[in-house]
Structures are given as C-alpha cells and as structure tokens.
Amino acid sequence: MGLAVNKYCFITPEKVCINGQKLFDLDAREPHEKSLVQAYRNLEIEYPKFFKMDNLSKLALLASECILKNTDLYEIKDKGNVAVVLSNASSSLVTDSNYHQTIDEPANYFPSPSLFVYTLPNIAIGEICIKHKIFGENIFFVSRQFDSSVLYLYVNELFGKTYTDYCIAGWVECNVKTYEAFLFLVEKGTNGRAFDTMTLDNLYKTK
Amino acid sequence: MDELILELKQEIIKVLNLEGVKPEDIDNDAPLFGDGLGLDSIDALELIVLLEKNYGIKLEDPGKGREIFGSINIFAKYISDNRKK
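Those protein sequence lines, which keep their order, are chains A and B. The opening residue of the first sequence carries number 1 in our numbering; numbering runs sequentially from there. The opening residue of the second sequence carries number 208 in our numbering; numbering runs sequentially from there.
So that you can see chain A by itself, here it is in the shape it has in the complex (with noise of 0.2 Å):
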C-alpha cells in the first residue's frame, strides 16, 4: 500500500509556512501567547476555546488547522478513519511547571483545574480531535528530538492494521525558549511526496 505526505507545515515563532510557502511572518520577539494569538488571527480561525488552552495545545490546534484547511477532510463532520500522531521534547512541562506554581506554597495553595487539565502532552491531540471532530487512533510520543523512524513505523503500522484512512502527524514542541510545530497529512495513494523517514527528515529540514 502505497502513502504519501502531500501536505505539511511549519509554525515557528518567526513563521508560519505551509508546503514550503511562507503564508505570514510572525514577531519572534513576542512572549509565545502573543505570537500564537498573533498566529489564530491572522488564520482566521473562530474558535474561543482557543484562548484557554496552554500554549503546547495552542501551537497543535494551529497547526492541524494549518494541515486540514482547503482540504476535503475540512468540512467532513465524522473522520473516524483519521489518526493523529504527535512528538516532542518537552511533553507538557511548561504548563506542569506553571501549575506546579499554584500548589508550591502553603500558604498560597490555590491548585488551578485550568492548568491542571493541560498536565498531559496528548491533551494536545484532543484539543484537535474535539475541534475537528476527529475520531481515530492517537498517541502522543515523547522524544529527545523529531524522529522520523519511531513516525513512520507508528504511522505505517496503523494504516496497516486500523481503519485509518489519514493520519495527522508530526513534531510539537513547546518550551520555556521556544516553539516549534512540524505537521503532515498522511494519506493513502501514491501521488505525491513517498511518506518514508528520508522524506520526513527532508522536509524537516527545511524548516
């Protein structure tokens, strides 16, 4: 069976590129809230949800958004035949060392259930899935940096033995430094870009 990658994106906090064309600039010297805020506007996206997520879910809603839209899955309201697959470094520490805060001092005990709820990377995945009602298969892989191999041998693996038709996939990383988004559309069909680790690495590098 024949896979192919026909659509990526990068979100950095200087840009914001999809299939290697610029779409806008962004300000990296902004705090990360603000460029992610900067990013949703200048998408178009109406989503308010957006807005109380953590910066790691944040950065992943958009880049889905950036990888579905003008797309025919966009508008199909059941995708219970799409994955999504997701990485990164720094699993959801940012937002845990933020909660971490709310409960450090005795005296100032005030544990925050809004923070406490983005505690967990895959949050990240379900934030997509509920926005674009996506209902397949997930997981949310921790590694020390983008690694094509454990991608592609995951994502073969469900188009091999589920009922996956697409798969969202890639690297979201969200750091106290930066941020980095790297998202592809996997789909069956063999027109386009062959969805294997060489391609994954060079497309990855093009960022």
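Calculated from the structure, these hints are not laboratory results. Be a bit skeptical, because a hint or two may be false.
Unchecked claim - Taking lysine-lysine and the PhoX-like style, the derived pairs with C-alpha atoms no more than 25 Å apart in a straight line are:
id: 1; chain 1: B; residue 1: K221; chain 2: A; residue 2: K34
id: 2; chain 1: A; residue 1: K34; chain 2: A; residue 2: K207
id: 3; chain 1: A; residue 1: K188; chain 2: A; residue 2: K205
id: 4; chain 1: A; residue 1: K52; chain 2: B; residue 2: K221
id: 5; chain 1: A; residue 1: K49; chain 2: A; residue 2: K133
id: 6; chain 1: A; residue 1: K207; chain 2: A; residue 2: K22
id: 7; chain 1: B; residue 1: K284; chain 2: B; residue 2: K229
id: 8; chain 1: A; residue 1: K177; chain 2: A; residue 2: K22
id: 9; chain 1: B; residue 1: K221; chain 2: B; residue 2: K260
id: 10; chain 1: A; residue 1: K131; chain 2: A; residue 2: K79
id: 11; chain 1: A; residue 1: K15; chain 2: A; residue 2: K49
id: 12; chain 1: B; residue 1: K229; chain 2: A; residue 2: K49
id: 13; chain 1: B; residue 1: K221; chain 2: A; residue 2: K131
id: 14; chain 1: B; residue 1: K291; chain 2: A; residue 2: K52
id: 15; chain 1: A; residue 1: K52; chain 2: B; residue 2: K229
id: 16; chain 1: A; residue 1: K52; chain 2: A; residue 2: K69
id: 17; chain 1: A; residue 1: K207; chain 2: A; residue 2: K69
id: 18; chain 1: A; residue 1: K177; chain 2: A; residue 2: K34
id: 19; chain 1: A; residue 1: K15; chain 2: A; residue 2: K131
id: 20; chain 1: A; residue 1: K49; chain 2: A; residue 2: K131
id: 21; chain 1: A; residue 1: K188; chain 2: A; residue 2: K177
id: 22; chain 1: A; residue 1: K34; chain 2: B; residue 2: K229
id: 23; chain 1: A; residue 1: K133; chain 2: A; residue 2: K69
id: 24; chain 1: B; residue 1: K221; chain 2: A; residue 2: K49
Stated by the list, open to error - Here are some of the chain B residues that sit facing chain A, going by a computed Cβ distance under 10 Å:
id: 25; residue: V222
id: 26; residue: L223
id: 27; residue: V228
id: 28; residue: P230
id: 29; residue: S248
id: 30; residue: I249
id: 31; residue: L252
id: 32; residue: I255
id: 33; residue: V256
id: 34; residue: E259
To be verified - Non-contacting residues of chain A with respect to chain B, defined by C-beta distances greater than 10 Å in every case (computed):
id: 35; residue: E75
id: 36; residue: Y154
id: 37; residue: D196
Even glycine gets a Cβ: it sits at the ideal position worked out from N, Cα and C.
Since the structure of chain A is already known, use the hints to place chain B on it.
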C-alpha cells in the same frame, strides 16, 4: 455592590480567559453557565478557586456552585454576605 459586581466581572474575564468579552457584555441577571458565556465545568472549578483565593470563601459543597453562579447579581450577593477578606 456595583463596585463588587464590576470587580467580579473583570476577575471572571481574566481568570477564565474570555477573549473579547468586556464587563459590560455580561448581563447581571443572565445565567453564567449555559448559553450566555459558554462556560464549562472546568470554568466552574476555576470560579470556586477564585472564591477562596480572592474572598476567603471555601465552598464545602461544590454542588452549591449551581445556585451561586446563577447570575452575576447572585454571585456578588453571595460574596458580599460570606466574604472573609
């Protein structure tokens, strides 16, 4: 009471990240949950934390939130009657 109502609206907007909502957009008599502001169960928990953190009110029965969060007016009166700080 007007001062408390305004303060409460500003805090709710800040704590619940209600982007684009201004204090004057929140009807004093409208339910906080349901159609109005589109708040969810996590928001309710966050409001319970706000009660304790800002006003020293510890809600022993979370179910009571349904009654207290009936509207801004009800919420403000409850705070005014029970606040410890």
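Against the structure, the hints come out as follows:
For a cut-off of 25 Å, the pair hint linking K221(B) to K34(A) stands: about 15 Å separates their Cα positions. Pair hint K34(A) plus K207(A) holds up; C-alpha atoms about 21 Å apart against a cutoff of 25 Å. Using a Cα cut-off of 25 Å, the hinted pair K188(A) and K205(A) holds, with the two alpha carbons roughly 24 Å apart. Simply put, K52(A) and K221(B) have alpha-carbon atoms about 11 Å apart, close enough for the 25 Å limit, and the pair holds.
Distance restraint check for K49(A) and K133(A): the Cα-Cα separation of roughly 15 Å lies within the 25 Å cut-off, and the hinted pair is therefore satisfied. Our distance criterion of 25 Å between C-alpha atoms is met by K207(A) and K22(A), whose separation comes to about 10 Å. Pair hint K284(B) plus K229(B) holds up; C-alpha atoms about 21 Å apart against a cutoff of 25 Å. For the proposed pair K177(A) and K22(A), the alpha carbon gap of about 23 Å is at most 25 Å, so the pair holds.
At most 25 Å may separate the alpha-carbon atoms for a hinted pair to count; K221(B) and K260(B) meet this at roughly 14 Å. Simply put, K131(A) and K79(A) have alpha-carbon atoms about 11 Å apart, close enough for the 25 Å limit, and the pair holds. The hinted pair formed by K15(A) and K49(A) meets the criterion: a straight-line CA distance of about 23 Å does not exceed 25 Å. With a C-alpha separation of about 17 Å, the suggested pair K229(B) and K49(A) falls inside the 25 Å cut-off, and the hint holds.
For the suggested pair K221(B) and K131(A), the alpha carbons sit about 23 Å apart, so the restraint of at most 25 Å is met. Between K291(B) and K52(A) the CA atoms are separated by roughly 29 Å; this puts the pair beyond 25 Å, and the hint is violated. Between K52(A) and K229(B) the CA atoms are separated by roughly 16 Å; this keeps the pair inside 25 Å, and the hint holds. Taking the CA atoms of K52(A) and K69(A), the gap is about 22 Å. The hint holds against a cut of 25 Å.
Annotation: proposed proximity of K207(A) to K69(A) holds, straight-line Cα distance about 20 Å (limit 25 Å). For the hint pairing K177(A) with K34(A), the CA-to-CA distance comes to about 14 Å; that is within 25 Å, so the pair holds. For the suggested pair K15(A) and K131(A), the alpha carbons sit about 23 Å apart, so the restraint of at most 25 Å is met. For the given pair, K49(A) sits about 9 Å from K131(A) by alpha-carbon distance, which is consistent with the 25 Å threshold.
Only pairs whose Cα atoms come within 25 Å are accepted, and K188(A) paired with K177(A) is rejected, the gap being roughly 37 Å. Straight-line distance between C-alpha atoms of K34(A) and K229(B) comes to about 19 Å, which keeps the hinted pair within the 25 Å bound. Taking the CA atoms of K133(A) and K69(A), the gap is near 14 Å; set against the 25 Å cutoff, the hint holds. Under the criterion of a C-alpha separation no larger than 25 Å, the hint pairing K221(B) with K49(A) is consistent with the structure, at around 14 Å.
Satisfaction of the interface hint for V222(B) is found here, the shortest Cβ-Cβ separation to chain A being roughly 8 Å, below the 10 Å cut-off. Residue-level restraint check for L223(B) holds (minimum Cβ-Cβ distance to chain A is 7 Å; threshold 10 Å). Taking 10 Å as the C-beta contact cut-off toward chain A, the hint placing V228(B) at the interface holds, the least distance being around 9 Å. Taking 10 Å as the C-beta cut-off, the interface hint given for P230(B) is violated, the closest approach to chain A being about 17 Å.
Annotation: S248(B) was flagged as interfacial toward chain A, and the flag holds, the nearest CB pair being 9 Å apart, inside 10 Å. The restraint placing I249(B) at the interface with chain A holds, with a minimum CB-CB distance near 5 Å, inside the 10 Å limit. Evaluation of the L252(B) hint against chain A yields a held restraint, the C-beta minimum of about 4 Å falling below 10 Å. Nearest Cβ of chain A to the Cβ of I255(B): about 8 Å, under the 10 Å cut. The hint holds.
For V256(B), the suggested interface contact is upheld, since its CB lies about 5 Å from the closest CB of chain A, less than 10 Å. The criterion of a C-beta within 10 Å of any C-beta in chain A is met by E259(B), whose closest approach is roughly 7 Å, and the hint holds. Every beta carbon of chain B lies more than 10 Å from that of E75(A), the smallest distance being close to 24 Å; the non-interface claim holds. Under the 10 Å C-beta cut-off, the non-interface status given to Y154(A) relative to chain B holds; the minimum distance is some 31 Å.
No beta-carbon of chain B comes within 10 Å of the beta-carbon of D196(A); the shortest separation is about 41 Å.
Of the numbered hints listed earlier, those contradicted by the structure are 14, 21 and 28.
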